[in-house]
Amino acid sequence: MPKLLSGAEIVFKSLEDQNVEFIFGYPGGAVLPIYDELKNHKSIKHILARHEQGAGHAAEGYARSSGKPGVLLVTSGPGATNAVTALTDAYMDSVPLVCISGQVPTHLIGTDAFQEADTTGITRPCTKHNWLVKDVNDLGKIIHKAFEVATTGRPGPVLVDIPKDIQFNKGVYKVEKNESPKKFNGAKPNQINSKDIDKFIEMIKQASKPIFYTGGGVINSGPQASELLRELIHVTGFPITSTLQGLGAYPGDDHQFLGMLGMHGTYEANNAMHDCDLMINVGARFDDRITGKIDQFSPKSKKVHIDIDPSSIGKNVQVDLAIISDVSELLKKVITRFKEKNKNFLSSNKEKTAKWWSQIEKWREKKSLNFVNSKQTIKPQHAVQRLYELTKDQDTFITTEVGQHQMWAAQHYKFNKPNRWMTSGGLGTMGYGLPAAIGVQIAHPKKLVVDIAGEASILMNMQEMSTAVQYKLPIKIFILNNEYMGMVRQWQELLHDKNYSESYTEALPDFVKLAEAYGAVGIRAKTPDELDDKIKEMINSNKPVIFDCVVDKQENCYPMIPSGKPHNQMLLGSEDEKEDVSDEGKTLV
Amino acid sequence: MAKSKSAYSEPTKFGKEDYHIIVVWVDNEAGVLARVIGLFSGRGYNIESLAVAEVDKKKHVSRITIVTKGTPEVIKQIKLQLGKLVPVHKVADFSRNDPKILFKELALLKVAGTSKKLDKAKKLCKKYNCVILDKTKKSFVIQVTALRREIDKLIVTLKPVGLISVSRTGAVAMTKGKEIFIQN
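Residue numbers (the working numbering), protein chains in the order written: chain A, 143 to 731; chain B, 1217 to 1400.
Just chain B, same shape as in the assembly (with noise of 0.2 Å):
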């Protein structure tokens, strides 16, 4: 091996890594959403996945919702980081493997061939709780919500059967039962 001579410390010990869902509630203004992803990409954190909606019209609080993948440290770091944010009002961290959380992506998938073909995508598609939102002749639409493997699952039975679009969303969560996230 080359002898590298950079002026900084090697990297030690690495922790495992783990996905979690990281929800950051924030004042709905102009650049808030490069604030919270330039600060992942500055200081080298993951993203698989961002949803984002304003859901408080009044307030203009906008929910950001991020899968990240990280180590226990790194996950902390996210969140202390984030938090000295301005204009975020609090943050959440859920594991993925959480069973009181919901999670769920959306996507819409177009398939087009013969109608013989057709047949058969719709027949696949039916465990997963799709609707058709377009349909022709030589074409349909579906929108599936689903957990994101699940979705990756249906897509790599539909690929055979001629898929031709995919839209995603990132991932969005809830927590299950009356109780809502209050940050301490």
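This is chain A alone, in the form it adopts within the complex (with noise of 0.2 Å):
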């Protein structure tokens, strides 16, 4: 006869089959006997963290570092609803996250029970599925699942809800063999059509204004993506950019890259794709923050989407061409035989993109990055771009909140490899940007974690600070503080009438005390001077710490697509600002 476990048994064994070493969360009363069985499970730690909200996007930001998926334990009722927040915003930015529930016993389901919640009927739009597990005997299985279904297909997150009797009973654990490899997307993934590839080969070479547009798909498809994506770029000789979650993918600094598209995106960037006659979306869905006024999104070109999710093909935009499948598969296929057929076609094609990329110095030269410098105060992008020189020659990752400081690191911070940029930016989740940089920091325990922050949204997540000093986790929250929402003020300002409307924060704390009292290290900067010093003393510090870094309080984030117009319509800036937005326009923001 097999061995008996407890359910708390069987959740760490499966747990320790998956080589899961982490786990965030937060013990309550429907998880204790879970929390009971932590102390036999040596390769297994717990980080407690202060919220489970917090708990939930420490998890994803150890997930989307490291590439492994995040593990997280909450108790019923409460616990699973502070849980819903992190499991939405992963649910919307692909990252796989598995969340074990505590949840009431059994008999007491449906009866109002105390800390009770219907936390699977809660979950379910925001996860990819989930379980209420009724029997011991079937919770390995789950569990095992649960797994499977978090990191295949299009990542996303997964609930495993379990009663507190089902906890304590005893049960089997068998691991089965994986019965099918079913489709957890609607579609058997990477059984690619060779006559796509020749059609997108052939679409590449008629081509006389292609561009590349990528995405999270390419990080979520693991490092490899990334190498080959550089290498379809430097074969073809085509202009790439990426979307806010794609940043990393493809070095930032490269001549052939046009920086972030979108509406707060470059101007070359956006105008090469309205204008482009060959569109290669890889991994990416055309979010509305990208596409701008649907109707007129690049009205003269071909399009080609790859993507492993089938759902995400003419969700928003009907394309000419599109190959359900992961973006490694894909991508390697497709540059061998491009690489067999095609042996000279970056010189060959030089001429035929030629006038494409004239077109695309020029409006590079417009500089729609660049802001007025001053001496006095210190803008905020000069902070992001002093930070990016003075981390850039190590290893750094780099988190955010979200709001306009998020678009300014966006914009001016240039990441080179994959998975080290982390934001939130499906579901903009304000208070993102401090959990997450503890779970990047407990993946990479070794690397530079910073949080490019503002100080509202950092607000919202503050309590994790005792997370971090709790771990000795040398995070740095950089906090660019205009002591405004920026990005509402920024709204309220061009489109309310310069209505500020609770959009400024009184009373907001010292920052610098805060990390003291916190157990962390505060440093403050005022001016433009002492800003290299202190970033640096913030760098060399091997404690947690907060800078609070006092920014002009009215810069507006720029360039910007304004509502209702399309990509080839991009404000500039002050200059452009005069020009009124139109009544149309007010209403399509």
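It is worth saying that the hints were derived from the structure and are not from the lab.
One or more hints might be untrue.
Simulated restraints, written as ranges between beta carbons of each label pair [to be verified]: (1) A:H376 - B:K1274: 24 to 32 Å; (2) B:S1257 - A:K517: 53 to 61 Å; (3) B:S1265 - A:K145: 34 to 42 Å; (4) A:K276 - B:I1253: 50 to 58 Å; (5) B:E1245 - A:D178: 28 to 36 Å; (6) A:K509 - B:I1253: 46 to 54 Å; (7) A:V314 - B:I1253: 31 to 39 Å; (8) A:D396 - B:K1274: 56 to 64 Å; (9) B:H1305 - A:H638: 46 to 54 Å; (10) B:G1393 - A:Q257: 51 to 59 Å; (11) B:D1314 - A:K509: 51 to 59 Å.
Beta carbons are placed, not taken as given, at the ideal position from N, Cα and C, and that holds for glycine.
Both chains come to you apart, so use the hints to assemble them.
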């Protein structure tokens, strides 16, 4: 007879068999049996957050920087509901998370018991799948399936809800061999039709105004995908732009890279997207922050869309060639086939795309990321640039909160490697960056991890400083402090007649003293003169640091595609602001 | 018109909406119907009618038939989104005008009144291939299996002669001939 294990033991057995090293979590009544079992499993380390949302974002940061699934352990009721924001964030940005939640004992489900919530009901729309475990003998199988669903196809969060009696009950743990490599995206992946590859290559050869538009799918496909992407860009000689989530897949300082596209993307990237005759979307999803006005989106181009998720195809933009595949698998085949048949493509095609490149250079000359620097006050863009210059020679991981600082970070910090950039793009979750930095630092203990933050966002999960201090995680919180919810203020300035309704934060804490209260280091920089030295002081500290960078309060984030406008009608800066946004435009923001 | 200042773009072109019958084969497990229905409500798709029951006792497979209305793009999204759900085995989509497909709905109708009225009502039912399930001196209950619009018509016809209760199912569908639907 097989050995009987308690549900709690089965949870850890399964996690061990999945090679889980870290769990991010917070204990509570309905998960106590699992927490009791923790001491018997030395290979698994638990990181105690200060709030379940923080635990969730930490697990996300861990997953995105390491390529492994993040594991989250929370209690029933409020524990699970607090995790919902992190699960939704992971769902939007395709981050593999496995959330294990406690539930009230089976016989109390449905009685409004203490700390009971319909967790599977609440999380159904924000997970790829979830399970309520009703029999301890199913538990092992379910947890393994959960990992499989989370990590295959388009990655995402899953949740396993385990009632407390199931955690105590004894059952059999058996690992089943994966019965069928079932299509967790609705399609069997990587059945790439060679006709499609030939068609794709033919389109590449026909194009005179091509552009690659790449996204988070490249990062999710693993480091090899970034290597292959670089190779394809080099053999074709085509320009490339990236979404917010795709930054780092292609070197940010390379000449063929046009910078980020979209609402706050560069002038050259957006104009190239608008005027191209071939758009090659690799692992991006035509998000509304990217496309702008959809019926004027890149009107003259043929479009290729490569995505692992069939439902991404044709959701927002209709395309001419769709290939459902993992990015690495496809690029490998495309590059091999392309090189076989087109030995001297780069030189022979140079003339064909020369006009296109010279047009791109003209757009580039606009220097759309420029800003008017100041000797008196620190401009936020300048602060990010200095941070970049002073950290670029070491392998640095950047997380962000959400708002202006996030866009400035994306614009001015150049990434050269994948998995170095963790930001909440789809959901836009303020409070993401600090806990995410904790997760990143757990995965990369020796690396420099900086959360580029705003003073409003950081307060949303400030409690996690305590976690950073407890585990001696030397994360750096680099706050661009303008005392406003900057992006809200910017919209209000441009569209709501400068009625700054509730976007100014009065009574901000003294961030230096706050850092000290947590047992971290506090640094403040007020003038451009002292900025570099203070940043160096931050980098050289081996403790967690809160850096209060006091910046210009009025600075707006440019360039910007205003509402109701297509890609080729960008605002470049305060000069353009005077040209009033039309009434129609105001509606369309 | 008041100026709206939403942070999103306006809807652009609308395609022509059409009725489709979506058939979904799913594992019959707890919450599966909620997943399917939640997907429809969460993404703003329509449900005109719904029919669901287990069709394979051994494999615990249920067949869900949903009548929906949408543009070709929306219908395509519905199929693709449903295909992503873990308990979903396959998804079929039939246009309501497809001649190769059989559609049926079932309704129970209760008529009450004087015997004169009941006789009249029975006469009106004749065309519809009805089955009488229950009969008293003052009432009868009939079962009718037909297309949605035919049942609609029968209901309108019976209203003036004492129709007092209606119970209807959603549509179910099946391909004609020996073929069955196979997902590639």
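Going down the list of hints, with the structure as the test:
1. A:H376 - B:K1274: 24 to 32 Å: violated (56 Å)
2. B:S1257 - A:K517: 53 to 61 Å: holds (57 Å)
3. B:S1265 - A:K145: 34 to 42 Å: Between S1265 of chain B and K145 of chain A, where Cβ atoms are some 51 Å apart, the hint is violated.
4. A:K276 - B:I1253: 50 to 58 Å: Violated - the Cβ-Cβ distance for K276 of chain A and I1253 of chain B, about 22 Å, lies outside 50 to 58 Å.
5. B:E1245 - A:D178: 28 to 36 Å: Given about 30 Å between the Cβ atoms, the range holds.
6. A:K509 - B:I1253: 46 to 54 Å: holds (52 Å)
7. A:V314 - B:I1253: 31 to 39 Å: About 35 Å separates the Cβ atoms of V314 of chain A and I1253 of chain B, which means 31 to 39 Å holds.
8. A:D396 - B:K1274: 56 to 64 Å: Taking Cβ atoms as reference, D396 of chain A and K1274 of chain B lie about 58 Å apart, which means the hint holds.
9. B:H1305 - A:H638: 46 to 54 Å: Given a distance of about 50 Å, which is inside 46 to 54 Å, the answer is holds.
10. B:G1393 - A:Q257: 51 to 59 Å: holds (56 Å)
11. B:D1314 - A:K509: 51 to 59 Å: Distance hint for D1314 of chain B, K509 of chain A holds at roughly 58 Å.
In terms of the numbered hints stated before, the structure departs from hints 1, 3 and 4, listed from lowest to highest.
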